[in-house]
Amino acid sequence: MAVPVPAESALSLLQLMLRMRRLEEEVIHFQRDHQGLIRGHVHVYIGQEAAGAAGCSVLRKEDRLFTTHRNHAHVLAKGGDAGRILAEIIGRADGLCKGRAGTFHVADPALGILHTSAIVGGCLPLAAGAAYAAKLQGSGQATVAFFGDGAMEEGVFYETLNIAQLWQLPMIFYMENNAVLPGERSGRGSPSSEHSAEALSDIPQAFGVLTQHVDGTDAEAVLELMQDLVARSRRGEGPFFVESRTSRWPGNYGSVPSLVGGDTDISWAWDWQSAPEVVRRWEELSDPIMLYARKLLDRGALTIDRLVELDGSVREEMGHAAEFALNSPLPDAAGALEYAYA
Amino acid sequence: MTFGQALAEAVEEALAEDERVTLIGAGFGSAPLDEAREKYAARIKYPPIAELAYCGIGIGAAMCGVRPIIELSTGTFSYEAIPQIINEAAIAYSNSGGQTSVPIVFHMFHGIRGAGGVQHSGSPHPWYWNTPGLQVAVPGTPADAKGLLRWAALKSKNPTVYMNHTRLLNTRGGVPEGPFEIHFGQAEVSRSGNDVTIVACGIQVPRALEAAETLARDHGIEAEVINLRTLQPLDRVTMLGSVRKTGRAVVTDESHDNCGVAAGLAAIIADEAFTSLKAPVKRVSTMPVPVPYAEPMEDFVTARPDRIVAAVQEIVPGR
Numbered sequence: 000m001a002v003p004v005p006a007e008s009a010l011s012l013l014q015l016m017l018r019m020r021r022l023e024e025e026v027i028h029f030q031r032d033h034q035g036l037i038r039g040h041v042h043v044y045i046g047q048e049a050a051g052a053a054g055c056s057v058l059r060k061e062d063r064l065f066t067t068h069r070n071h072a073h074v075l076a077k078g079g080d081a082g083r084i085l086a087e088i089i090g091r092a093d094g095l096c097k098g099r100a101g102t103f104h105v106a107d108p109a110l111g112i113l114h115t116s117a118i119v120g121g122c123l124p125l126a127a128g129a130a131y132a133a134k135l136q137g138s139g140q141a142t143v144a145f146f147g148d149g150a151m152e153e154g155v156f157y158e159t160l161n162i163a164q165l166w167q168l169p170m171i172f173y174m175e176n177n178a179v180l181p182g183e184r185s186g187r188g189s190p191s192s193e194h195s196a197e198a199l200s201d202i203p204q205a206f207g208v209l210t211q212h213v214d215g216t217d218a219e220a221v222l223e224l225m226q227d228l229v230a231r232s233r234r235g236e237g238p239f240f241v242e243s244r245t246s247r248w249p250g251n252y253g254s255v256p257s258l259v260g261g262d263t264d265i266s267w268a269w270d271w272q273s274a275p276e277v278v279r280r281w282e283e284l285s286d287p288i289m290l291y292a293r294k295l296l297d298r299g300a301l302t303i304d305r306l307v308e309l310d311g312s313v314r315e316e317m318g319h320a321a322e323f324a325l326n327s328p329l330p331d332a333a334g335a336l337e338y339a340y341a
Numbered sequence: 000m001t002f003g004q005a006l007a008e009a010v011e012e013a014l015a016e017d018e019r020v021t022l023i024g025a026g027f028g029s030a031p032l033d034e035a036r037e038k039y040a041a042r043i044k045y046p047p048i049a050e051l052a053y054c055g056i057g058i059g060a061a062m063c064g065v066r067p068i069i070e071l072s073t074g075t076f077s078y079e080a081i082p083q084i085i086n087e088a089a090i091a092y093s094n095s096g097g098q099t100s101v102p103i104v105f106h107m108f109h110g111i112r113g114a115g116g117v118q119h120s121g122s123p124h125p126w127y128w129n130t131p132g133l134q135v136a137v138p139g140t141p142a143d144a145k146g147l148l149r150w151a152a153l154k155s156k157n158p159t160v161y162m163n164h165t166r167l168l169n170t171r172g173g174v175p176e177g178p179f180e181i182h183f184g185q186a187e188v189s190r191s192g193n194d195v196t197i198v199a200c201g202i203q204v205p206r207a208l209e210a211a212e213t214l215a216r217d218h219g220i221e222a223e224v225i226n227l228r229t230l231q232p233l234d235r236v237t238m239l240g241s242v243r244k245t246g247r248a249v250v251t252d253e254s255h256d257n258c259g260v261a262a263g264l265a266a267i268i269a270d271e272a273f274t275s276l277k278a279p280v281k282r283v284s285t286m287p288v289p290v291p292y293a294e295p296m297e298d299f300v301t302a303r304p305d306r307i308v309a310a311v312q313e314i315v316p317g318r
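For the record, the sequence lines run as chains A and B. Just so we're aligned: the first sequence equals residues 0 to 341 in numbering that gives the first Met the number 0. Just so we're aligned: the second sequence equals residues 0 to 318 in numbering that gives the first Met the number 0.
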């Protein structure tokens, strides 16, 4: 990091990451504590917060963000209201999409999250289309598509990458490879998906697309990279490809996400040895929130007291948000017939 | 003017009148568009052979205030883009609770064109009619071609699949002067008659009219021909009003019939006009086989005028 992030910005970045974590913990609480409340599968963003938080912190309200089935925390990071996100996840009337979208498709068009596809790679051409619109309109709006490494198994990725490069579309392909061994996060890496390529980042380079890789658990590294790429795409440059590498959270190995080590305990920031064994190595080496809090504590930009206070206020916010969602009514059944056509 | 000229006029006028209109792909068969291609080059893109991505790019742009017309050329190529058309464009407005609309036109040439072989002779409109959220236009005349396309490209807020039959391109017909539009969901009575209703869209409109002339000349049967123009929205009032008047209906469409257009329309007629019916509703569609190449076989499976005549004769007492 050439220029240290100012303490205020660092704290708000850490706070955003904590909010993303606590939001997803509420989702898992919903599933664990309320039978039938979450009727299907959910995908959580735990372990990837640095990428979404730093990536979104450089975006403006009018910039476009496209995400995936793992969208909850992205929407929060772009400025979405936690209560309305949680209400959408459980299909309530006050949800961001009036309960019509659910966990798979949370979107907030007023914040530039126009449509969320849960089809792997589904949002990639839509993001390219948003970038094409920005280019036609000369609006200077940035477009970022977050997607997983699995999308690079889909044909739509290649078609979109080709056109984005041919038409020089100002968009950022932000690929989140979320199952990399800790020691390989800063290297060239190898694919964790079913892929014949030696390294996924070789692929966009073959198309001539400017490609970067970054340790996705390092909030300040992501921030520095995205500040540069977003500024360049505002000037009409692009496309850009980022491979962001994180290591899988142990709660994500089962068929449903599970708080295998309990809720995140903020004391793991300065005392990871006290974490339950099942998450201890991960908290030591791979939890982006703990890594960043530890870094700020070491740097003297943060005290333990301040961190505990910060976490307390975030937990309070998310507790209220969960309550708001649970108190929100179910939508009127016959409302199902609305909105098929504009 | 020809159907192709009418189509070209609509495209050119849409580009001229609204700078949000952009073309992705600009083939449009033999439609005379060279001048427009030059004049509006900044808003015209020639994509690589990547239907899935360029349809998706159009959809994303439509979400951001652009009004794209995507020209897919052969209709079956749209199968390559099904995930984006059906699973993204069609659902966005509903899924967002009315926040994100997708004003886009997917234009394609469908149908048995003659020597297309099995992969270039398809009629995908039943697939799209089966998808809530999409509008489906199937113009039957040059006037329809212009009026419907202008309305879809300039006025509509919804995604439209716009199906032109390749064999209609050189057909002729009157087209009103000036910027005229046909709002979706307005069928036309193409020919009046009291003995039987023939319901059609697209290429089946001239085929139904030809059949009606034969029926009148050779059999003394006066058929009423309904040109639906759009399947979604569907003008049930005009269609059912005619069936209630004649008491008999033949529905014809150039698609396969299982869950097809003729089947769907026949079901609506049976449901809603049952007490007016004096005979079963008959359907004339492409025969249920992959369309073969050799001319006699290709012709055999087509929903030809003589098959429409035969279907009418089955339900109208001989005269």
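Keep in mind that a hint or two might mislead.
As the list claims (entries may be wrong) - For each label pair, taking beta carbons as the anchor points, the in silico distance ranges come out as: (1) B:P178 x A:H28: 56 to 66 Å; (2) A:H40 x B:I48: 34 to 44 Å; (3) B:A269 x A:H40: 38 to 48 Å.
Because the hints were derived from the structure by calculation, they are not lab data. Glycine included, every Cβ here is placed at the ideal spot set by N, Cα and C.
The hints, checked one at a time:
Look at B:P178 against A:H28: about 59 Å separates their beta carbons, and that is inside 56 to 66 Å. Hint check: A:H40 to B:I48, Cβ distance near 35 Å, so the stated range 34 to 44 Å holds. The hint said 38 to 48 Å for the Cβ distance between B:A269 and A:H40, and at roughly 41 Å that hint holds.
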